[in-house]
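Could you build the full structure based on these sequences and the hints that come with them?
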Amino acid sequence: MNNNDKSANRWIHRLFKQSNVLSATPESTIYFARCYPADSSLQGRSPFSTLFSESNNKPSEAENHQRVFGQKSPLLTDCSDSPEAVQICRSNRLPVPNEAVLSAQYTVLNCYDETPDVKTFRLGRLDGQSVDYLSGQYMTLTMAISGQEFKRSYSLASSPARAKIIDLTVKRAPNGGIVSNWLNDHLNIGDTLNLKGPFGRFSCVTHATEKMLFLAAGSGIAPIMSMLRWLVDTEARMDVSLLLSFRSPADIIYRDELQLIAARHQNIKLAITLTAETIDYSQWLGLTGRINEKMIANLVPDLPERTVYLCGPDSFMAMCKKSLLKLNLPSSKLFCESYTVNSPIIKPQNSCLNQPLRHETGNYQVKFAKSGKTIDSDGRVTLLELAERIGVLIGHECRSGQCGECMTKCLKGKVDMMDQAEIDEVDSKKGWIYACCTYPASNVELDV
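At position 258 of the sequence shown the residue is numbered 351 (the numbering used here), and the sequence of numbers has no breaks.
Hint data in this document are derived by calculation from the structure and do not stem from the laboratory. Here a beta-carbon is modelled for each residue, glycine too, at the ideal position from N, C-alpha and C. One or more of the hints may lead you astray.
[Unchecked claim] Taking CB as the label site, the calculated pair distances span: (1) 371 x 242: 36 to 44 angstroms; (2) 456 x 244: 45 to 53 angstroms; (3) 523 x 482: 23 to 31 angstroms; (4) 522 x 482: 46 to 54 angstroms; (5) 391 x 341: 20 to 28 angstroms; (6) 219 x 360: 32 to 40 angstroms; (7) 523 x 377: 53 to 61 angstroms; (8) 220 x 332: 37 to 45 angstroms; (9) 278 x 219: 34 to 42 angstroms; (10) 391 x 483: 46 to 54 angstroms.
[Said to hold, decoys possible] Okay, derived cross-link-like pairs now, DSS-like style, lysine-lysine, Cα gap no bigger than 30 angstroms in a straight line: (11) 523 x 502; (12) 502 x 463; (13) 507 x 463; (14) 460 x 415.
This is how it looks when you write it as C-alpha cells:
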C-alpha cells in the first residue's frame, strides 16, 4: 500500500470514528475512496471534501441537475389515485433523446467485492468520453458466451455527477444465470464490454419532491444507490428515508457506505431489516423480518407526504405495494422497477410485465408477414418472445416497453399492449405496437 492509499484509508477510518460507526476499519473498501483517491492534487485535503463540502469551492459537475430541486418539475403531473394505478405515470417519461441512446465500448477500470456473491464493476468509455445518464437508469449489455449472443440489462449504481465512470453491481445467480455468473467469474480489469443506453424512467430526477422514501431488497438496491449517491453528490437537502431488506449481515450490499452516508447526513435516515430465519445476533442488533405494513408505519409515519421509489423482486414488490396503498400512499407517488436477478432473455432483469392479462386466452395464430413464418399462441406469451421462438428478428433492448427498439406494425388482428408501453398515441392508432409487452388477443399479422 502506497502513502496515498494509506492517506485515503486514514480519512475513511476518521470519518467512521467520528460517526460512531463500529464496523469501520482502515481497510474498509467503500465508494467514496474509489471516487476520490488521495493523490497529490488534493494537497493534503480530505479525499471526501468534494462530497461533504469541506473546502469545496469548485463548481460541481452536477450543477445542471441541482436546479431541478426546489421547483416543480415540468414532467410532474397528477395521476389517478385509484388502487389499480400502481405504475409509473406514463406522462412522467424521462426526456432522453434518441441520439443519446447509443452503443459504446467500455473498459473495466476496477472491480470490488460487495458481498460474497455480489461484485461491482467500475467502467469507463474506451474513447474517454463522459457518460450522460440520469440516476436510476440502466444500460443493456450485449456479449457472446460460448458462441451464443446474450443481452442483459443492468442498472447503473453510480452517480451521474461523476461523468467519467459508471458502476454495474452484479449478483451471482444460484440457479445458473449465464451472463451474471460469467461476469462474476471471468470479467477482469482491462476487459472491454459493449453497452447500449441509457434506458429507463425510474429516476428521482423527474419527480422532485422534498420528501422521499427508497424501498429496496437485495440487488434491487442498485438503482436506488445511484439516486442516493447523486443526491449526496449534488448536496440536495431532501428529506430521504431508506428502508432496505437483505437476507443476512453478510448480504448487505454497500453496507459501509450506507452507514457512512446516514451518519454524515442528518437529512438521510437508514433502516435495514434482515429476513434470514437464523441470524447471529452477536453480529446484528437491527431490524429483522420482512418489510410489511406495520414496519413501514412505524418507521415512516409521514408516508403519504413522501414520493416512494420501490425496487426489488416481484414478491417483495407486491407485498410493499399492498402495504403502501393500505397506508394511504397516493398511487401517483409510487414509482416502481421490477428487478429479477439474472433472468433469462424472455424475462429481462428490468421487466415490469407484472400486470394480469386483460384479454381472454385462446388458440391464436401469429403470422409474420415479411418473413413468411407463423406460430401458434395461447395469448400468454408476448409477440417478441413468439418471434424469438421461430427465429424472426425483432430489434429490442429493454424488453420493458421503454426504449422503443421493438416497435412493430400490427397489420391485422387484435392485441393487448400493457400500460407500461411508452408509445405515442398517434403511432398506436396507426397500428404500431411494442412487441416486448404486447400479447395476441386474436389471430394476428405483423409487418415483420
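Quick rundown of the hints versus the structure:
1. 371 x 242: 36 to 44 angstroms: holds, 42 angstroms
2. 456 x 244: 45 to 53 angstroms: 31 angstroms Cβ-Cβ, so the 45 to 53 angstroms window is violated.
3. 523 x 482: 23 to 31 angstroms: holds, 27 angstroms
4. 522 x 482: 46 to 54 angstroms: violated, 29 angstroms
5. 391 x 341: 20 to 28 angstroms: Holds, since residue 391 and residue 341 (Cβ atoms, about 22 angstroms apart) stay within the stated range.
6. 219 x 360: 32 to 40 angstroms: With a Cβ separation near 38 angstroms, residue 219 and residue 360 satisfy 32 to 40 angstroms, so the hint holds.
7. 523 x 377: 53 to 61 angstroms: Given about 57 angstroms between the Cβ atoms, the range holds.
8. 220 x 332: 37 to 45 angstroms: holds, 40 angstroms
9. 278 x 219: 34 to 42 angstroms: violated, 23 angstroms
10. 391 x 483: 46 to 54 angstroms: The hint (46 to 54 angstroms, Cβ to Cβ) holds, given that residue 391 and residue 483 are roughly 53 angstroms apart.
11. 523 x 502: Cα-Cα ~8 angstroms, so holds.
12. 502 x 463: Distance ~12 angstroms between residue 502 and residue 463 Cα, so the pair holds.
13. 507 x 463: holds, 19 angstroms
14. 460 x 415: violated, 39 angstroms
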